[in-house]
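> Now that you have both chains on their own, put them together as the hints suggest.
Listed below, chain by chain, are the residues.
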Amino acid sequence: MSGKDLVLQVEKVNKSFHDPITVKVLKDVSLEIAKGEFVSITGKSGCGKSTLLYILSTMDTDYEGELRIDGEPTRLATKTRLAHLRNEKIGFVFQFHYLLNEFSVLHNVMLPGLKLGKKSKAEVEQRAMELLRELEIGDQALKGAHQISGGQKQRVAIARAMINDPLIIMGDEPTGNLDSRNGEIVFGIFQRIAQEHKRSLLIVTHDQDFAARTDRIIEMDDGRVVGSADRA
Amino acid sequence: MLLLIEIAVTLLRAKLRQSIIAAVGVMFSIAMFVTLLGFMNGLNQLLDGLVLNRTPHVRLYNELKVSDKQPIDLVRFPGPSTFDAGPYHIIRSAKPKNELPRLRNATAIMSALEKDDRVLAVSPRLVAQVLFNVGTTELNGIVNGVDVMKEVQYYKFKDYLVEGEPYDLATGNNAIVLGKGLADLMEAKIGDLVQVTTASGDRSMLRVVGLFQTGIAEYDKVQCYASIKTVQKLIARPSSYYTDINVKLHDLANAPSMAREFESRFSVQAVDIRTANAQFETGSDVRNIISYAVGVVLLIVAGFGIYNILNMMIYEKLDAIAILKATGFNGRDVQRIFLLLSIIIGLVGGVGGLAGGFALQKVIDNIPFKTEALPTVTTYPIDFSLKFYIIAVTFALLTTWVAGWFPARKASQVDPVEIIRGK
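These protein sequence lines are chains G and A, in that order. Per this note's numbering, residue 1 is the first one in the first sequence, and the count goes up by one each step. Per this note's numbering, residue 1001 is the first one in the second sequence, and the count goes up by one each step.
Do not take every clue at face value.
[Stated by the list, open to error] Simulated restraints, written as ranges between beta carbons of each label pair:
| id | chain 1 | residue 1 | chain 2 | residue 2 | range |
| --- | --- | --- | --- | --- | --- |
| 1 | A | Arg-1013 | G | Lys-79 | 36 to 44 Å |
| 2 | A | Asn-1311 | G | Phe-17 | 25 to 33 Å |
| 3 | A | Asp-1285 | G | Lys-121 | 54 to 62 Å |
| 4 | G | Gln-147 | A | Leu-1002 | 23 to 31 Å |
| 5 | A | Leu-1002 | G | Thr-80 | 16 to 24 Å |
| 6 | G | Arg-75 | A | Ile-1390 | 49 to 57 Å |
| 7 | G | Lys-121 | A | Thr-1378 | 53 to 61 Å |
| 8 | A | Ile-1390 | G | Lys-35 | 55 to 63 Å |
| 9 | G | Gly-227 | A | Arg-1017 | 15 to 23 Å |
[To be verified] As a list, the in silico BS3-like pairs of lysine-lysine whose alpha-carbon atoms are at most 25 Å apart:
| id | chain 1 | residue 1 | chain 2 | residue 2 |
| --- | --- | --- | --- | --- |
| 10 | G | Lys-44 | G | Lys-27 |
| 11 | A | Lys-1015 | G | Lys-143 |
| 12 | G | Lys-44 | G | Lys-89 |
| 13 | A | Lys-1410 | G | Lys-79 |
| 14 | G | Lys-79 | G | Lys-119 |
| 15 | A | Lys-1248 | A | Lys-1189 |
Think of the hints as simulated: they come from the structure by calculation, not from any bench. The C-beta atom is built at its ideal place from N, Cα and C for all residues, glycine as well.
Extracted from the complex, chain A is given alone in its bound form (with noise of 0.2 Å):
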């Protein structure tokens, strides 16, 4: 085998213009494939992470809605007649009861989730309707009691936040962030006192302490960020009042299956992610596909190049060939030597298109990328992934064993008597 190599690297050696070229081929294509796909894959991190980083897996609450049986239908009737359906009643416009729209019996569910193999983390959420007061104005607000450091933790809440540190939220007495569109409407920042009054009428004053973006406007001009102890107070509450556990699992694919399964266990609502975000797995899909298979398009292209050479190459070198047979080389050897060729040209051009790769994806790494959307990115996001490394490696020794193979075999059926006949 080591001869066979050998020989192999002096015939490449003869042709070494060519060789380079089919050589530089395969690295241009691994090039691009590795670039191409660490670059969409990054896009598409970037993209999902928009909705998936904020999205609570399955997120538990409670809606205030009509009761789905009314007394009226607890009702039993005297039924004289079995031949019709009996009395029946109409009620239009059931209101729901004055109930309040916390998650009953919180803390349990907390715990029994805490528990639960599959969940990654529980963090439970208090939200409130409020109104700003600014001057003689009011804005409508939301205002998230959330935990704090589990936020940090599980959603980047970090990341989101431009200005501020989340340890003075989750600590400071009386202490929002705002959204950064609502902050630019009150003209709030950081240290200043707005006026909230919530549903019920009460007012008080919060500290801004920080400010947040998510790059959606809608959200960023309503949403706020307080701890829950602080809504708690806000609203007159007690501590064990919430509105929202939200649940992050370990895998994301079982969420609907387990929003059903909380739902039906903790006589909750439940819904998930993909039920929430339908649309952008789709997206994510279509441009996964349309990157490989420009990249495995390259790949052949590049295959074709090495078959040709090779052809070339075995044609220019049937004297060779017919000697080696003659003088003891098998078939099989001959055979062996044109797919070393192949093989040695897809390697030098597969690590050399890897490191091309690399550095072309450190490149677009550094080029800037700001957008409002985004305020946390700098630059155009790329995914270093091993994964594409490994897939455009594999894939180029299978595309020069594959484009190497045809010409070896018919190096292989040169009959030397033939050719050494023939001069």
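Same shape as in the complex, but just chain G (with noise of 0.2 Å):
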């Protein structure tokens, strides 16, 4: 895989919870991830997919190995410089929209893209616009985050994700929750995302049939990566 960019590295990530006993969740899982790549992670409920997802997205920091994003190793980076780091670089879609109820569509989209404070107010507004048009709920944007459908949810969620133009996109089982038409829907997105924005994704999943469709599964067994398989 040399010669390609790598957005996500990971390099022998050990992982162990300790409460009541210790369990040993992850063994030196490697991985990498290149630009543009749609990748899904697999495997039975326990295997630790979604714990290692939680060590990629940077938020769980409690691991050992070495994990570098866009080529930054974050092992030592500061807790601010990680949720920067997320907020730049990263971008999440999860099982259960969580939007914040408080805020319109159009401001839960923004909200990423004015704490970066990259572009002003308006270029954000404006942006924030353009992705919800393409995930075709422009017309929902004046609506309160708890006035819309869940399929809906989840694509406000996507574009909230997409504001920053991430690198990498994180989902942990973001069609679980949803029925197979919107499942399909969000899919569509996923892989115009990965084709024509040219973002990497990494999806948790245990839908086979999601899975099947990606460019690469890695398969988890017992928190070990067993399996990784390039779509034939």
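This is the structure:
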């Protein structure tokens, strides 16, 4: 895979939970994700795939090993630096939408952009509207976040993840809570993001059909990567 | 920072009712604090004024007393013996020598005092014992010969004058202002003539031009005021004859030390206001301490209200905190958001409280309050001093900051992974 731009590099990551007894949940996990790659992580419940995702997201810092995002080592970075890294380079989509109900749809999308502060408020707003229109929910922009349907909420979350043009979008079961029609729409959006926007995607899912259609499937079992298969 | 304020305000608006309740708590305590202190201090000033307004900071006078050194002390006996203390004497019931109670060298002392930077005002006084002849009976009286305009300017003479004008007393020939109690005894009214007998037996007629009332009955039954010239004429003394010099200082605190200084410098007796009225300050201090204590307790209670509401809000907003952190807001940002929430509540409540406090003070200031003792007071006294408003707002912000700090810190330490995975 040399020669490609690596967005994410993981070297020998180990992690244990200590409560109530010490259990090793990740064992020597190493992987790399290149620019524009659409990768899924699958495995049984409790195999450590979500745990791995939260380490890769930089939110969980309690692990051993090395994680590089866009070439930058994060092992010893401060929490503030990590927050900035997440803000600028990583977008998130969770199983449960996690929108802020107090804010409008548009404002929810804008918040990470305003936090980054690289663009003026008007520019961020314009970009947010573009994204919402692209995801065909532009007409919902001024509604409250609690007033729209589940499928729409997930699309808003995707728009929010995209607002700072991150290098990689991570998702934890992003279609797990959606019906098949909305799941299909979300998958379609992810595919477009990878192909048209050239963003990397790393999606944790136990949906085999979903995984089968991604560029690469990383299969985990009992804390280890047991297989990595490119799509035929 | 602007973004954080926006987020804080949005969160507040989503919890408008609870936020308003918290703000009302702060508002209430600030209003009470301001009102309580304003009222308490108004009363203090009123009561202190009873003494302070009328009393010179230092009074110089010449007390007629037996000389410390009797003539016999000056006699040197030839001392034959070095073994005993030598001859001694005992004189019982020594009498002061026949001397006028005048302040010697008064004019020179006054001009020296007027040059002193620490001195605000110097006014001479001539006090004379008299008898008022009412029909066949005689009433004791004390006529204070004063520089009327200085009394008005520095001792609030006008406030105690219930009838008549100070100007009439200053300019009128043989004019006198009687104490209300004394005038009632004599049934004297403005324009009446009263007959006065001095200690040396001279009689004269004085015209009543006003009545005063200090609120101290014993005082009002005996004391009268006249101009110095009138009194000098009354007791047939020259124009440089004064019995007292009253000194008002810029700083009351200097009074005791300056009294001692004047005593030795001018070889006169001097008494300062602190020594003469030691008890009144203690009362003011205790009242002040009590009102501050009550006010501070009110604010602390309001602080607990804010603490509670913020704590609840954080539990309700764990999701929001997690998502903010996941999308790139760091712990400090989250802490600031919740601290801002608290400070906004404090500010809104504080400003409302100041307005409420001012309104309450206005109401109290208009409640009628009549008392014999205080002729010029018609409503309850309030001290509208800005000081209390500043203390209240500072303290309100401080309490809300502290009350907000702990919940905000807790919010900043929320682990987003735990919240997101816990779902």
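> Does each hint fit the structure? Answer for all of them.
Outcome of the hint check:
Look at Arg-1013(A) against Lys-79(G): about 29 Å separates their beta carbons, and that is not inside 36 to 44 Å. The hinted range of 25 to 33 Å is satisfied by Asn-1311(A) and Phe-17(G), whose Cβ atoms lie roughly 29 Å apart. Our hint of 54 to 62 Å for Asp-1285(A) and Lys-121(G) holds, since their Cβ atoms are close to 56 Å apart. Judged by the Cβ atoms, the range 23 to 31 Å given for Gln-147(G) and Leu-1002(A) holds: they are separated by roughly 26 Å.
The given range of 16 to 24 Å is respected by Leu-1002(A) and Thr-80(G), whose C-beta atoms sit roughly 19 Å from each other. One distance hint, 49 to 57 Å for the beta-carbon pair Arg-75(G) and Ile-1390(A), holds here, with the actual separation near 51 Å. One distance hint, 53 to 61 Å for the beta-carbon pair Lys-121(G) and Thr-1378(A), holds here, with the actual separation near 59 Å. Between Ile-1390(A) and Lys-35(G) the beta carbons are some 60 Å apart, a value that agrees with the proposed interval 55 to 63 Å.
At roughly 55 Å, the beta carbons of Gly-227(G) and Arg-1017(A) sit outside the given window of 15 to 23 Å. Restraint check for Lys-44(G) and Lys-27(G): the C-alpha separation of about 16 Å stays at or below 25 Å, so the hint holds. Note on Lys-1015(A) and Lys-143(G): the hinted pairing holds, with a Cα-Cα distance of about 19 Å set against a maximum of 25 Å. Annotation: proposed proximity of Lys-44(G) to Lys-89(G) is violated, straight-line Cα distance about 29 Å (limit 25 Å).
Between the alpha carbons of Lys-1410(A) and Lys-79(G) the distance comes to roughly 16 Å, so the proposed pair stays at or under 25 Å and holds. For the proposed pair Lys-79(G) and Lys-119(G), the alpha carbon gap of about 23 Å is at most 25 Å, so the pair holds. Taking the CA atoms of Lys-1248(A) and Lys-1189(A), the gap is about 33 Å. The hint is violated against a cut of 25 Å.
Of the numbered hints given earlier, the model fails hints 1, 9, 12, 15; all others are met.
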